[in-house]
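Chemist: Listed here are the chains, written in short residue letters.
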Amino acid sequence: MLQIPSQDELNILAALPVILLSLIASLLLVADRFIPNKRNIAWLALAGVLLTLGVAVLQAGQVVEFGNEGLAFSGMFVADQFSYVVNVVALLAALIGILVSFEYLERTQLDRGEYYVLLLFSAVGAMFMGASGNLVMIFIGLELLSIPLYILSGIRRPQEESEESAMKYFLLGAFASAFLVYGIALVFGATGSLDLNEIFLAASDLSAADASAQYLLLIGAGLILVGLGFKVAAVPFHMWTPDVYQGAPTPVTAYMSVVAKVGGFAALLRVMVTGLPVVLEGTNNVLWLDSVQFIAGITLILGNVVAIMQSDLKRMLAYSSIAHGGYMLIAVAAAGIEGVGNLAAQAALIYLAAYTFTNIGAFACVVAIEKDDTTGTLMNDIKGLGTTHPRLAAAMTIFMLSLTGVPLTAGFIGKFFVFRAAMEANLIPLAVIGVLTSVVSAFYYMRVVWNMYFEAPAREVSRARQPMLAGALWLTAAGTLVLGILPYILENLVRDATLVLIP
Amino acid sequence: MELQTTGVSIASVVLFAPLVGLIPLLFFGRLSDQQVRISTLITTLVTFGFSLLMLGSFDSADGGMQLEHIEEWIPGLGIYYHVGVDGISIWLVMLTTLIMPIAVLASWTSITERLRLYHGFLLMLETAMLGVFLSLDLFMFYIFWEISLVPMYFMIGIWGSKDKTNFFGREMEARIYAAVKFFLYTMAGSILMLLAILWLGNNAGTFDVTLISQMLRDGTLLLDTDTERLLFLGFFLAFAIKVPIWPLHSWLPDAHVQAPTAGSIILAGVLLKLGTYGLVRFNLDFFPNAAIDFAPYIAALAVIGILYGAWVSYAQTDVKKLVAYSSVSHLGFVVLGIFALNSTGVQGAVLQMVNHGISTGGLFLLVGMLYERRHTKAMNAFGGIWKVMPIYSGFALVITLSSMGLPGLNGFVGEFTILLGSANSEVISIWYTVLATIGVILAAVYMLYMFNNVFMGSVDKEENQELEDLSWRRNWYELSALIPLVILAFVIGLYPTVFFELMDGAVSNLVSHFDATLIAGR
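As given, the protein sequences belong to chains P and A, one line each in that order. Sequential numbering from 1 applies to the first sequence in the numbering used here. Sequential numbering from 1 applies to the second sequence in the numbering used here.
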């Protein structure tokens, strides 16, 4: 018989930021028909994100409690500190993403209303993934995150690179989704549930003798890892990244490089720490643990080494974002060690927040130097920027230092927490790979800096003032420095983000 | 364990005073070039004044940390803002605040482009270096340690020499090559230290230097032999690259030669001491057992460095390169003194750190002055300089003699104490001392060789006839940069006890680790 859940079980208000943003995005979709000036759509989207961000910050800072903390929608949605922080990060990404897009879309004649709507929807997807209590929710969240991104990367049709980018992203993305669904199905087959908590209980009850269920679980978890690994561009599922990042319009790349990682890693941590730690911790499954570490290690090495050879900034940042996925994967690997789960999840959140500011900021600098015909993003094009555009160059320097992990920037704090988790989990080889590849990364990030400051100007980057873009740069640069100098702000925010529900 | 927060101390004032000087550079749009220089000079002089006040309120009877300032920073991780000085670090703080005004004076006419940026980096660098000496929290120490790379990277890269170099068959700017090499080399070393710091922090539950030191001494935090050795090496590698200890020195000649004069002065004067200071503060204090185990090997590297540096110096035809390699040799003495692991050796090493700052800093300053007049650093372009620039040459003579260790000047006291310490050391054999003494002789050889070539003889080059000597009226900034160095060379040389007395408490506190029973037990 159909039971109608009570108000308490539904706990709708706890999902207020997600609901709010979905409503705003839906309204904008309709409003788009009636607003001829697309600039106004952007303003409305900006206002909507700011409103939602305000709500999310109040919720995450535990100033106002909306609904009850805990499960909502009969266990499908988890409203806890972890998801609150993911909300804030995803919304910040959306906010800066809109600021970066504003003038760029106008000057390249891409200003269509649906752009902002799609951007908001994919943020909703990332927020859903962070709050999933159920594997189906993760899948839906992933699709909601990805499909708008497929469209956004192809929004510059009929330009070939953009179309190629969208097509490649879509085909491989669909393939990865299939892996994920198959993995979910196998986990369901092994445990008889899709709910993460129930999966945990069922999986810990699986007797060692029940070998077939064990294998199902292991393979299922592996396929989920592949599906999510694709989203976060972990090696060896990264092949799409450079082409897609390069072909997509730069503001889209800026946004996509961050929001897909926010969603992907949030879901990965939920699955690995809440749902399937049994798979990670079981003594019989050393293979599994090793494979997560292996993926983290090769992601770090490949991302960083290949980035050295790039002469196009967008492509260099694409490989760099693969590499940064590697640092977050260190946290995921550490989360698999007993007793380090929460610490590692918090480290990953801090890294994500730091990465959001820094990476969108770095891409925003590329947006600033890019010409209207999408050229002008080569390493040579930034030569002498330090004298011609001192403020832009200073911002870029801050982002490059932060990506390298130099202290007093957010990037250092992120790495500090991630390596701390790795040391706590005794993953010393992985930590050593992490720090050594940081040195490798210093080369290509510093190469940007030396081209800007140590070389004579190559070409004039002059254009009309772009106040919104400048605002995005100020915001991201300030965020990078503030988080770097006053890390306790973040530390306080994530301290209660606990994923290990059943000790 | 918890720390009590305290009020502001003079140590914090010294640390952040240079940053105040950034305000006019950033926000006063109308400053002329000269005003930029003057405001930076005033900032560094005021900082020096504050550090004198700090020296005045320092209590030499106390061997522990003084003038501490503690604030909460990241309470969740046990990370504090914690600064303070003891008898060891106070001298390095003094050295830093002294060298910085000299560096500003050394750039008075030689730097003409992007002045604000340049002076901004100088001030940031000063705070970073002071932070390394003053920090008593490992997290904070690492931050200052690493951030000090950035201003120096820019200084070498933007205002470095105009030379070209061949890099895998492609011609590139030598300064860019040097800047990047400097950055990568030092970062590669220090990043493993981060892991060692994290290990200590995780296991001690705090990042505070004084607390960790205490826990390691009273056995609350026990390290097994292998862990202690690994941690020792983690810290050691970072410091060894910075010092640099042979064979990790290859970044140094490049950086020194390509850097602008002020950059070389700061590099030689202070930056290299970050490494030797780290060895004293962390490797000796935290890991005494590993220090005893590794001391002979490290001392061997130090002695090789002494001889190698001297040997290579002699072969140089470029004056600046000669001085750069002589640094490798001189810092070998400092490392030898540290790893003698006794009070005499460490005291000599600390004093020699200051001495090297004065004499090698002075030499780079002198080379810079000559370069500005002649636009070359090749030794064979000079000769008979004494005849055209007698005042300049007089200063050069004092500094050269101080660098090679003439009795009565500062270098002698430091080197002699170090050799005394290493001869009496219970952990390293007497042969190290014997070989190091040969290094002292070699220092005289290459220094006098250089002096002879540049200053003595007849003026046989046309271009050298008209060189302008130092004078208050024409170039006051050169004289005012040189005079304090020369005075200090004499003061330290004649009254070294003043310096030893102040560091005595801290050093004997430190070497109390290395009592006979501990050494016998290894």
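The set of hints was computed from the structure by calculation and includes no laboratory data. C-beta: ideal position from N, C-alpha, C; glycine also. Heads up, a few of these hints could be off.
[Unchecked claim] Listed below are the simulated DSS-like cross-link pairs for lysine-lysine, each with C-alpha atoms no more than 27 Å apart in a straight line:
no., chain 1, residue 1, chain 2, residue 2
1, P, 383, A, 181
2, P, 38, P, 383
3, P, 383, A, 461
4, A, 321, A, 461
5, A, 461, A, 162
6, A, 164, A, 181
7, A, 387, A, 461
8, P, 383, A, 387
9, A, 162, A, 181
[Unchecked claim] Label-pair distances were calculated between CB atoms; the ranges are:
no., chain 1, residue 1, chain 2, residue 2, range
10, P, 394, A, 30, 35 to 45 Å
11, A, 169, P, 167, 53 to 63 Å
12, A, 20, P, 63, 27 to 37 Å
13, P, 372, A, 169, 31 to 41 Å
14, P, 478, A, 20, 37 to 47 Å
15, P, 372, A, 476, 48 to 58 Å
16, A, 458, P, 376, 53 to 63 Å
17, A, 474, P, 474, 25 to 35 Å
18, A, 459, P, 394, 23 to 33 Å
19, A, 8, P, 63, 41 to 51 Å
20, A, 465, P, 394, 20 to 30 Å
21, A, 293, P, 471, 53 to 63 Å
Chemist: Against each hint, give a clear statement of whether it holds in the structure.
Modeler: Results of checking the hints against the structure:
For the proposed pair residue 383 of chain P and residue 181 of chain A, the alpha carbon gap of about 20 Å is at most 27 Å, so the pair holds. Taken as a hint, the residue 38 of chain P and residue 383 of chain P pair is broken in the structure, with Cα atoms around 35 Å apart against an allowance of 27 Å. Of the supplied pair hints, the one linking residue 383 of chain P and residue 461 of chain A is violated, its CA atoms being roughly 41 Å apart against a limit of 27 Å. A distance of roughly 22 Å separates the Cα atoms of residue 321 of chain A and residue 461 of chain A; the hinted pair therefore holds under the 27 Å criterion.
This hinted pair checks out: residue 461 of chain A and residue 162 of chain A have alpha carbons roughly 24 Å apart, not beyond 27 Å. Distance hint between residue 164 of chain A and residue 181 of chain A is fulfilled; the C-alpha atoms sit about 15 Å from each other, no more than 27 Å. A threshold of 27 Å between alpha carbons decides the hint, and for residue 387 of chain A with residue 461 of chain A the separation of about 12 Å falls inside it, so the pair holds. Restraint check for residue 383 of chain P and residue 387 of chain A: the C-alpha separation of about 46 Å exceeds 27 Å, so the hint is violated.
Pair hint residue 162 of chain A plus residue 181 of chain A holds up; C-alpha atoms about 17 Å apart against a cutoff of 27 Å. Checked against the given bound of 35 to 45 Å, the beta carbons of residue 394 of chain P and residue 30 of chain A, roughly 20 Å apart, lie outside it. Between residue 169 of chain A and residue 167 of chain P the beta carbon distance is about 41 Å. The supplied range of 53 to 63 Å is therefore violated. Roughly 36 Å separates the CB atoms of residue 20 of chain A and residue 63 of chain P, a value that falls within the hinted 27 to 37 Å.
For residue 372 of chain P paired with residue 169 of chain A, a C-beta distance near 37 Å keeps the hint of 31 to 41 Å intact. Between residue 478 of chain P and residue 20 of chain A the CB atoms are about 21 Å apart, so this pair departs from the stated range of 37 to 47 Å. For the hinted restraint 48 to 58 Å between residue 372 of chain P and residue 476 of chain A, the CB-CB distance of approximately 54 Å keeps it satisfied. Between residue 458 of chain A and residue 376 of chain P the CB atoms are about 60 Å apart, so this pair conforms to the stated range of 53 to 63 Å.
Checking the proposed 25 to 35 Å range against residue 474 of chain A and residue 474 of chain P shows it is violated: the Cβ atoms sit about 46 Å from each other. A C-beta distance of roughly 48 Å is found between residue 459 of chain A and residue 394 of chain P, which places it outside the suggested range of 23 to 33 Å. Remark: the range hint 41 to 51 Å for residue 8 of chain A to residue 63 of chain P is contradicted by a beta-carbon distance near 32 Å. With their beta carbons about 46 Å apart, residue 465 of chain A and residue 394 of chain P fall outside the hinted range of 20 to 30 Å.
At about 57 Å, the CB distance of residue 293 of chain A to residue 471 of chain P agrees with the hint of 53 to 63 Å.
Against the hints set out earlier in the document, violations occur for numbers 2, 3, 8, 10, 11, 14, 17, 18, 19, 20.
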